[in-house]
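Trainee: Construct the complete structure from the given sequences, taking the supplied hints into account.
Just so you know, the protein sequences line up as chains A and V, in that order. The first sequence begins at 0 in numbering that gives the first Met the number 0 and counts up by one. The second sequence begins at 0 in numbering that gives the first Met the number 0 and counts up by one.
None of these hints come from the bench; they were simulated from the model. Certain hints may be false.
[As the list claims (entries may be wrong)] Simulated restraints on C-beta separations: (1) Q172/A to R65/V: 11 to 21 Å; (2) E190/V to Y299/A: 50 to 60 Å; (3) P76/A to L66/V: 50 to 60 Å; (4) L66/V to Q119/A: 29 to 39 Å.
A virtual CB, placed ideally from N, CA and C, is assigned to each residue, including glycine.
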Amino acid sequence: MAAAHDYDDGAGHSQPADAYDPTFVPDSAKSFVVHLYRHIREKNVYEIHQMYEASFQTLSDRLFKDTPWPSVDAVAPFVDNDHVFCLLYREMWFRHLYARLSPSLKQRIDSWDNYCSLFQVVLHGVVNMQLPNQWLWDMVDEFVYQFQSFCQYRAKMKNKHVQEIELLQQYDQAWNVYGVLNFLQALVEKSMIIQILEQEKEGLEQFTATDGYDYNGGSNVLKVLGYFSMVGLLRVHCLLGDYQTGLKCLLPIDISQQGVYTSVIGSHITTIYHYGFANLMLRRYVEAIREFNKILSYIYKTKQYHQKSPQYEQILKKNEQMYALLAVSLSLCPQEKLVDETVNTQLREKYGEKMLRMQRYDDEAFTLFDELFSYACPKFITPSAPSYVEPFVNYNQDAYRLQLKLFLYEVKQQQLLSGVRTFLKVYSTISLGKLATYMEVDEPTLRTILMTYKHKTHAVDSEGKINSNADIDFYIDDDMIHVVESKPAKRYGDYFLRQIVKLEGVMNEMDRIKLD
Amino acid sequence: MGRELVQKQQQSAVSYTVEQLVAVNPYNPDILPDLENYVNDQVSSQTYSLDANLCLLRLYQFEPERLSTQIVARILVKALMAMPAPDFSLCLFLIPERVQMEEQFKTLIVLSHYLETARFRQFWDEAAKSRLIVEVVPGFEQAIQAYAIHVLSLTCQKVPRSVLAEAINIEGLSFDKFLEHHVVNSGWILEKGQGKGQLIVLPRNEFNHPELKKSTADSIPLEHITRIYPILG
Chain A
0 MAAAHDYDDG AGHSQPADAY DPTFVPDSAK SFVVHLYRHI REKNVYEIHQ
50 MYEASFQTLS DRLFKDTPWP SVDAVAPFVD NDHVFCLLYR EMWFRHLYAR
100 LSPSLKQRID SWDNYCSLFQ VVLHGVVNMQ LPNQWLWDMV DEFVYQFQSF
150 CQYRAKMKNK HVQEIELLQQ YDQAWNVYGV LNFLQALVEK SMIIQILEQE
200 KEGLEQFTAT DGYDYNGGSN VLKVLGYFSM VGLLRVHCLL GDYQTGLKCL
250 LPIDISQQGV YTSVIGSHIT TIYHYGFANL MLRRYVEAIR EFNKILSYIY
300 KTKQYHQKSP QYEQILKKNE QMYALLAVSL SLCPQEKLVD ETVNTQLREK
350 YGEKMLRMQR YDDEAFTLFD ELFSYACPKF ITPSAPSYVE PFVNYNQDAY
400 RLQLKLFLYE VKQQQLLSGV RTFLKVYSTI SLGKLATYME VDEPTLRTIL
450 MTYKHKTHAV DSEGKINSNA DIDFYIDDDM IHVVESKPAK RYGDYFLRQI
500 VKLEGVMNEM DRIKLD
Chain V
0 MGRELVQKQQ QSAVSYTVEQ LVAVNPYNPD ILPDLENYVN DQVSSQTYSL
50 DANLCLLRLY QFEPERLSTQ IVARILVKAL MAMPAPDFSL CLFLIPERVQ
100 MEEQFKTLIV LSHYLETARF RQFWDEAAKS RLIVEVVPGF EQAIQAYAIH
150 VLSLTCQKVP RSVLAEAINI EGLSFDKFLE HHVVNSGWIL EKGQGKGQLI
200 VLPRNEFNHP ELKKSTADSI PLEHITRIYP ILG
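Mentor: The following block contains the structure:
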């Protein structure tokens with residue numbers, strides 16, 4: 000999830016608040032770092048988590064609402080100048096700055112340097128801490144967010160100061176796309192997470208069962224960072240429009256099951272949002288619908304527990320975006336049966352009317368597809384450096400425009416399908432000639448429409464297998480169309496299994512009751 | 000990281016396949032020339048690797064000044080040949096819009112549009128005008144014919160001779176030969192239609208014969224059964 004902030008990048012050189020003295024450490028801030036440092040040394044994950052989630056927010060709200068936290072140099076003496084702790088502190092320092100203020104270019108570059116040092120330390124295996132999953136997820140999430148933010152910032156070339164241009168050229172390695180991808184990739188590889196997940200399937204290793212924590216005195220940092228980096232890679236690839244590669248990076252995580260990715264709500268949502276979006280772009284609508292439905296119903300049931308979380312706003316925003324994506328997917332592939340009642344009610348409330356209009360595939364409908372896509376898509380980026388030859392042009396919208404254009408192109412190719420579907424719904428058999436007359440086209444054209452229907456509703460999955468996405472299907476025998484309505488697959492088996500387990504529970508319960 | 004392997008490869012005589020290079024160095028600009036050569040290999044040896052080609056397009060995306068339009072065109076033709084897979088779109092997602100505005104790419108996009116909307120007549124007409132682009136890639140016609148047959152077999156049990164002929168762009172004697180070949184090798188059956196020429200009975204599959212579709216609805220994966228083992232025991 001794009002960290003808990005969405006500010007305008009602007010010129011990015013405004014310095015906050017008049018009276019910020021980076022060397023001044025208020026007592027409560029001092030006490031915060033001292034305690035956090037102690038809990039980390041004592042590997043007290045519970046306390047670390049409390050301080051990280053609650054105290055840091057409270058203090059930020061109270062003391063550092065519109066100024067940065069004290070500089071790392073000012074707090075270092077209170078934590079034995081501990082190198083790794085200082086890197087962690089700076090990571091939080093920058094995260095707070097990005098969330099509440101506008102980072103300057105110099106600060107963006109410094110934050111990159113800090114990530115480099117931090118990840119180098121982790122990759123060289125000298126970190127022996129045990130950190131909460133929430134924190135480790137936030138690091139990966141923020142790293143990708145700052146990369147995206149940097150690309151957007153850099154692409155706005157107009158109105159940049161001469162000094163900014165010089166700085167950009169001088170530090171051309173900062174937030175370089177190769178650097179970003181290679182760090183994430185290195186974390187995945189060095190952590191051996193893919194092998195760990197493989198071995199876990201055979202019962203040789205425990206990872207998911209302990210939520211990634213290490214109860215044998217080891218550190219969870221590299222392993223869990225490696226794990227979340229797979230989600231980070233999925234997200235970066237989606238930002239680049241490389242959906243196929245993104246999904247490939249996520250393959251080691253089995254998203255049909257609970258896992259460490261579901262242990263942090265932000266990671267859960269980010270994973271499914273990008274997974275669903277990538278599948279939508281790959282025309283695997285059923286897969287997208289299924290996963291959006293699952294997570295939306297999960298958020299519906301659990302969002303009350305997150306009301307106090309700093310991520311709450313982001314959760315709601317992604318929730319809305321995924322409803323929009325679900326509306327788009329269902330308009331292209333009407334499969335209402337895949338959607339739960341609660342989700343469906345919400346969907347109708349939010350997009351019911353728009354979805355009806357989208358079905359018409361006229362100019363207004365395309366405007367709606369455009370609107371929903373633009374609202375709900377990831378913030379696409381152009382990863383390459385600008386040309387530093389004047390005149391400078393902004394190119395921050397290029398990547399988004401291309402993805403939107405190609406998506407609408409796909410919608411246009413499908414525009415006749417909704418009409419043919421309406422007819423198929425009311426006939427069990429109909430001749431080509433008759434349907435052609437009804438649709439006001441000639442027979443050869445009707446054949447192409449029917450074949451397009453088949454092609455577009457039969458998606459090719461990652462193994463090259465063909466899956467039907469059609470709720471209404473048909474076949475042509477000579478010149479007769481025979482309509483086949485797919486019936487909802489009733490899952491009696493699952494139902495009985497659940498009932499057996501339930502009954503057993505009730506019987507155990509009753510055995511325990513002693514009647515005098 | 001990445002760069003080390005390339006150097007190692009150059010030092011020692013051990014050679015890696017391009018697929019291995021991509022797997023180990025997905026984000027390494029040094030393998031760009033290898034990937035470009037590999038595109039040409041795929042063209043001449045009639046092989047195909049989407050992953051390697053996406054990797055190359057990614058490197059072009061990162062360093063647009065190294066982009067070769069000739070290579071991109073070849074990748075796109077190969078992607079067309081991979082229909083019904085969505086490879087062509089996957090590639091377009093990564094190619095900057097200003098490159099897509101070039102004439103040869105516009106043509107390829109039109110060709111893809113005709114294939115996506117099953118307008119085979121228009122496709123073959125357009126392809127005939129763009130020989131220079133498509134004919135440099137061996138196997139192009141056959142690949143598109145295979146796609147046309149794929150879509151026809153999803154849709155029809157029986158198809159009139161003329162419809163099939165138009166979709167695959169073969170006529171007369173060569174069409175008879177083509178049919179003969181498929182009768183022997185792919186189980187096609189030729190049937191006399193009711194007064195209006197020959198019908199071709201295409202092989203049965205679960206899409207043109209829905210009754211063949213295996214009902215997976217009531218199969219339960221073993222993992223689910225294991226939940227009730229303790230109870231059964």
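Trainee: Decide, hint by hint, whether the structure agrees.
Mentor: A quick look at each hint next to the structure:
At about 18 Å, the CB distance of Q172/A to R65/V agrees with the hint of 11 to 21 Å. Separated by about 55 Å at the C-beta atoms, E190/V and Y299/A satisfy the suggested range of 50 to 60 Å. Between P76/A and L66/V, the C-beta spacing of about 52 Å keeps the proposed range 50 to 60 Å intact. The supplied range of 29 to 39 Å is met by L66/V and Q119/A, whose beta-carbon atoms lie about 32 Å from each other.
The structure shown violates none of the earlier numbered hints.
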